[in-house]
Every structure is written in C-alpha cells, then in structure tokens.
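S.K.: With chain A fixed as given, assemble chain B onto it according to the hints.
If you're matching them up, the sequences are chains A and B in order. Letter by letter, the first sequence follows residues 21 to 136 in this note's numbering. Letter by letter, the second sequence follows residues 56 to 170 in this note's numbering.
Please note that the accuracy of each hint is not assured.
[Stated by the list, open to error] Here are the simulated DSSO-like pairs of lysine-lysine, each with C-alpha atoms no more than 27 angstroms apart in a straight line:
#1 B:Lys56 x A:Lys88
#2 A:Lys91 x B:Lys112
#3 A:Lys62 x B:Lys68
#4 B:Lys56 x A:Lys78
#5 A:Lys57 x A:Lys77
#6 A:Lys77 x A:Lys62
#7 A:Lys62 x B:Lys56
#8 A:Lys88 x A:Lys62
#9 A:Lys91 x A:Lys77
#10 B:Lys112 x A:Lys77
#11 A:Lys88 x A:Lys57
#12 A:Lys91 x A:Lys42
#13 A:Lys77 x A:Lys88
#14 A:Lys78 x A:Lys62
#15 A:Lys57 x B:Lys112
#16 A:Lys62 x B:Lys112
#17 A:Lys78 x A:Lys42
#18 A:Lys42 x A:Lys77
#19 A:Lys78 x A:Lys88
[Unchecked claim] Just the calculated beta-carbon pair ranges, DEER-fashion:
#20 B:Ser125 x A:Ala90: 42 to 48 angstroms
#21 A:Ser29 x B:Ser134: 32 to 38 angstroms
#22 B:Arg118 x A:Gly36: 44 to 50 angstroms
#23 B:Ala57 x A:Glu76: 29 to 35 angstroms
#24 B:Tyr65 x A:Gln128: 23 to 29 angstroms
#25 A:Pro136 x B:Ser125: 23 to 29 angstroms
#26 A:Pro136 x B:Gly139: 15 to 21 angstroms
#27 B:Ser82 x A:Asn23: 31 to 37 angstroms
Hints in this document: simulated from the structure, not taken from any laboratory. Where is the CB? At the ideal position from N, CA and C, for every residue including glycine.
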Amino acid sequence: GENVEQHPSTLSVQEGDSAVIKCTYSDSASNYFPWYKQELGKGPQLIIDIRSNVGEKKDQRIAVTLNKTAKHFSLHITETQPEDSAVYFCAASSNAGGTSYGKLTFGQGTILTVHP
Amino acid sequence: KAGVTQTPRYLIKTRGQQVTLSCSPISGHRSVSWYQQTPGQGLQFLFEYFSETQRNKGNFPGRFSGRQFSNSRSEMNVSTLELGDSALYLCASSLAASRPGDTQYFGPGTRLTVL
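Extracted from the complex, chain B is given alone in its bound form:
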C-alpha cells in the first residue's frame, strides 16, 4: 500500500506571496492532519480534516488555511508569506478518526523556504 505523499517536496517563495501544498493520504484513510516543523518550535499541529470538514485547529494565524476533497486529499494554503513561515510542512493520515488518538502516518513533508 502506498504511503502518504506530499507535493511539492521543495518550494522557494518570497515574502508576501502565497503557497499551496498538497497531501494524498494512505488509501482508505479519511483523516488528514497538518503540522509545521521548525528547529525552534518543533512539531506543531496546524489543523485536521475529516470528511471534508475541519474538526480541529491549532494556534496559528488565519493566514494558514486548508481544505479536504471528497477523495480525502488535502491542501493547505499560506497567504502573505513571512520569513518565519520557512519550515517543513508535514501531513499525516489516519484510518478511522472516529476517536481521538488514532495512529497517524506521516508523509515526507514539503520544505518551504521564504526569502
């Protein structure tokens, strides 16, 4: 079974631009969570989607948004990029998500660099 895939793997943008990252979960998985990983803050939860609905959101500004499609694929968008948005963005998928604490499987991440 194929794992979680993320595209693109690397991205370079300039301040003020916007960016869209894509995540395809493991086949059959319906929940997708997004995380930001930086050396200073570690791994931080951005948001989670299930059945095309955002069920949970972390403590990030409104510039960070996402959506999920009917095939469970998910995208996240960051508008008006700032230097501090440079990070590895990870998505994770889980199977049932009928309860908190379902096992999450991570993709390889998208490395975003903001210049």
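The following block holds chain A by itself, in its conformation from the complex:
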C-alpha cells in the first residue's frame, strides 16, 4: 500500500521567515495530495491541495509543488506569522480503484513553531 514520509518532524522559524515541509510517497498511482493544518483540540483543516496534472499551486502565502517523477511534494509558507504555528500533515490518495475510495494516507506530521 501507499506510504508517505514527511520531514522535518519539527520546524522552528522566526516570524517573517519562510517554512518548507517535504513529503515523499511510494505509490505511483497516487494523484491527489492535500495538506492539512491541525491546531490543538481541533480537527485537521485543509489549507491547500494539488492534483497530479499540476506542478505547482499557490494561495496567498502558501504554495505546494509536486514532482511526480521523484514522487515528492512540498509545502512552502512565506512570511510566516505566529498564528501559522500548528501541526501540518501531508497526505496522498491513489486512483487505483476500490481500495482507494475515501482513503487518505498521511505523513507523520510537522510541528511548526513561529517565534515572534
């Protein structure tokens, strides 16, 4: 089955700096890659996603890049703010058929801390 590796596990930056989180996946059939932000006591919140027919997607300070050949994708947050502090998860979903329905395979998460 699919396996998603996420790095780093913790990331500490100063306010205004950029933050980059990287993920690799194993299943070449994967074609959907969302990123979620989870704050303490809350469920994961979708912040951006990308599909395999696109190499990059931006939404204000957040961008995601996808390299299908290398099977990796990254989250880029620019001009970080203290409220960006949270746990970030990458995930992958395969289009391989019945065993893929409704299933996201998650990375282990990155604890991002933005210091004022």
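M.R.: Same frame as chain A, now just chain B:
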C-alpha cells in the same frame, strides 16, 4: 454552510465496554471517512461509507465497525474496548466521491479515553 459535526466530543469508557460515535457530514456530502489519530501511529484510515455502503476498509480489527444512514450521517462502533483504543476519532466528508481523491473536510473529532 455548517461544517462536519461529531458527537460526543469527549468520552471516557472502561475496558470491555463498547462505544458509538456519530458524525454528520456537510450538507450535500455523501461520503464519510473515519480515521483514528494517536501520537504513536498518527492518522490512520478506518473505513469509508457512501450511499449507506462500506466501500473501503483500513487495517483494523473487526471490533471496529460503522454504518451510514440514508441522510448520510454515519456512526462508528468499537466493541470490547482496549486501552490501545484511546485516541482521537475523526470523520471527514466529501462531496461527490465518484472518484478517489475527492477533497475531504474533517470534523473536530471525538476524544475517546479507555480506562
């Protein structure tokens, strides 16, 4: 539009008991997926329901089961609780689910503690 709601938010049970958790998806969403989140194992897929049918199941024992009603609301049940079942249980809903890889929106979760 209201988001995904889960009840109860917190639950304390003892070993051997059973528990039922409820999830109401976003209006119009027909697919509901359930996940277990623990510090050690992270987020793991339990199962997915669409049109009252379980279409996919993760690698969990048969003590974990679920169902979906005609209004798309879903419940999951855990029987004969074990200490290791202590976790945050999350449900996520998606719109069309006519293909794998539909965007999933998560609820706040139910925190289950087994004593």
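S.K.: Take the hints in turn and mark each one as holding or not.
M.R.: Hints, one by one, checked against the model:
| no. | hint | result |
| --- | --- | --- |
| 1 | B:Lys56 x A:Lys88 | violated, 35 angstroms |
| 2 | A:Lys91 x B:Lys112 | holds, 25 angstroms |
| 3 | A:Lys62 x B:Lys68 | holds, 21 angstroms |
| 4 | B:Lys56 x A:Lys78 | holds, 25 angstroms |
| 5 | A:Lys57 x A:Lys77 | holds, 17 angstroms |
| 6 | A:Lys77 x A:Lys62 | holds, 26 angstroms |
| 7 | A:Lys62 x B:Lys56 | holds, 18 angstroms |
| 8 | A:Lys88 x A:Lys62 | violated, 31 angstroms |
| 9 | A:Lys91 x A:Lys77 | holds, 17 angstroms |
| 10 | B:Lys112 x A:Lys77 | violated, 31 angstroms |
| 11 | A:Lys88 x A:Lys57 | holds, 23 angstroms |
| 12 | A:Lys91 x A:Lys42 | holds, 11 angstroms |
| 13 | A:Lys77 x A:Lys88 | holds, 14 angstroms |
| 14 | A:Lys78 x A:Lys62 | holds, 25 angstroms |
| 15 | A:Lys57 x B:Lys112 | holds, 25 angstroms |
| 16 | A:Lys62 x B:Lys112 | holds, 24 angstroms |
| 17 | A:Lys78 x A:Lys42 | holds, 16 angstroms |
| 18 | A:Lys42 x A:Lys77 | holds, 15 angstroms |
| 19 | A:Lys78 x A:Lys88 | holds, 18 angstroms |
| 20 | B:Ser125 x A:Ala90: 42 to 48 angstroms | holds, 45 angstroms |
| 21 | A:Ser29 x B:Ser134: 32 to 38 angstroms | holds, 34 angstroms |
| 22 | B:Arg118 x A:Gly36: 44 to 50 angstroms | holds, 49 angstroms |
| 23 | B:Ala57 x A:Glu76: 29 to 35 angstroms | holds, 33 angstroms |
| 24 | B:Tyr65 x A:Gln128: 23 to 29 angstroms | holds, 25 angstroms |
| 25 | A:Pro136 x B:Ser125: 23 to 29 angstroms | violated, 50 angstroms |
| 26 | A:Pro136 x B:Gly139: 15 to 21 angstroms | violated, 39 angstroms |
| 27 | B:Ser82 x A:Asn23: 31 to 37 angstroms | holds, 35 angstroms |
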